[in-house]
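There are 2 protein chains.
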Amino acid sequence: MSDVAAVLSANRAFYRAFAMRDPDAMAALWAAEAPVACIHPGWDALRDRAAIIKSWRNILSNPGSPAVLCQNETAHVLGEVAYVLCHEVIEDAYLIATNFFVRERGHWKMVHHQSGPLANPPDQPEKPPQRLQ
Amino acid sequence: MSDVAAVLSANRAFYRAFAMRDPDAMAALWAAEAPVACIHPGWDALRDRAAIIKSWRNILSNPGSPAVLCQNETAHVLGEVAYVLCHEVIEDAYLIATNFFVRERGHWKMVHHQSGPLANPPDQPEKPPQRLQ
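In the order they appear, the protein sequences are chains A and B.
At position 33 of the first sequence (counting the first as 1) the number is 19 in our numbering, and the numbers step up by one without a gap.
At position 113 of the second sequence (counting the first as 1) the number is 99 in our numbering, and the numbers step up by one without a gap.
Read the hints as simulated data drawn from the structure, not as lab findings.
Mixed in with the good hints, there may be bad ones.
[What the hints assert, rightly or not] Short, incomplete list of chain A residues facing chain B, as computed with Cβ under 7 Å:
1. Ala(-9)
2. Ala(-8)
3. Ala23
4. His62
5. Val75
6. Ile76
7. Ala105
8. Pro107
9. Pro108
[As the list claims (entries may be wrong)] Non-contacting residues of chain A with respect to chain B, defined by C-beta distances greater than 10 Å in every case (computed):
10. Met(-13)
11. Ala(-1)
12. Ala3
13. Pro9
14. Asp10
15. Ala14
16. Arg35
17. Ala53
18. Leu55
19. Ala79
20. Ile82
21. Phe86
22. Gly92
23. Gln100
24. Asn106
Note that CB positions come from ideal geometry on N, CA and C, so glycine has one too.
Input sequences plus hints: build the corresponding full structure.
In structure tokens, the structure reads:
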């Protein structure tokens, strides 16, 4: 399997753990040795693995947490680090996420996740600047 | 200089180019060989170096673009890739940014930037104690 295919597979495992509400799978896919960070939408950065795993356990165990769909993912490899850009669809909202992975003991493990809101749905032009005249 | 110090220096150069409205400095600090991406707040990802540089030229040449202050930065090194987490203060709004760098020809070059809004101001004190002399 190519690095790109392996990284996309790791990215799918992340969203599968999300969809399956599986906190153990979520914990297992985060890097164990590299310095990890996670930025949930609107949150400050979590910079500690235990805090990140705890946040995911809380999110995944909350029946009110909405489903997240990953779309339009692309993978970009930087040697032993790689990142995926993708859209997240959460109910009627679109977000843009970056997921970074690092190769640990031969497996691509998540080292950083950041997701934030898109002002417009993807594939549509940005809103033009408001004209104040 | 340690890797952490060098990465923090590269991160400062990014915000200095922003503050100085210097598009050439901004262009020079982005990686030339690695696959780059940039996610401005609310925007979809730009995945092409030329598009990223053009976006910065537009932002930096717009007199209506607000000033951006970088605070609370921390650097995390993953071998030949490193990332900085920091807060951005834009007028009264707080954002959280991740800036990834890759070592190219001995220099840390920006390979990914994502900035998104914080729902609440950061918990930590943002401003150093004022000197009232």
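Cross-check of the supplied hints:
1. Ala(-9): Violated, about 16 Å.
2. Ala(-8): violated, 16 Å
3. Ala23: holds, 6 Å
4. His62: holds, 4 Å
5. Val75: violated, 13 Å
6. Ile76: violated, 14 Å
7. Ala105: Hint holds; Ala105/A Cβ to chain B Cβ min 4 Å, cut 7 Å.
8. Pro107: This interface hint is violated because 9 Å lies over the 7 Å limit.
9. Pro108: Interface hint status for Pro108/A: holds (6 Å vs cutoff 7 Å).
10. Met(-13): Fine: 19 Å to the nearest Cβ keeps Met(-13)/A off the interface.
11. Ala(-1): holds, 20 Å
12. Ala3: Fine: 21 Å to the nearest Cβ keeps Ala3/A off the interface.
13. Pro9: holds, 23 Å
14. Asp10: The assertion about Asp10/A holds, with a minimum of 25 Å to chain B.
15. Ala14: holds, 19 Å
16. Arg35: Check passes; 12 Å lies beyond 10 Å.
17. Ala53: Check passes; 21 Å lies beyond 10 Å.
18. Leu55: holds, 16 Å
19. Ala79: holds, 12 Å
20. Ile82: violated, 6 Å
21. Phe86: violated, 7 Å
22. Gly92: holds, 15 Å
23. Gln100: violated, 5 Å
24. Asn106: violated, 8 Å
Hints 1, 2, 5, 6, 8, 20, 21, 23 and 24, counting from the list given before, are not met by this structure.
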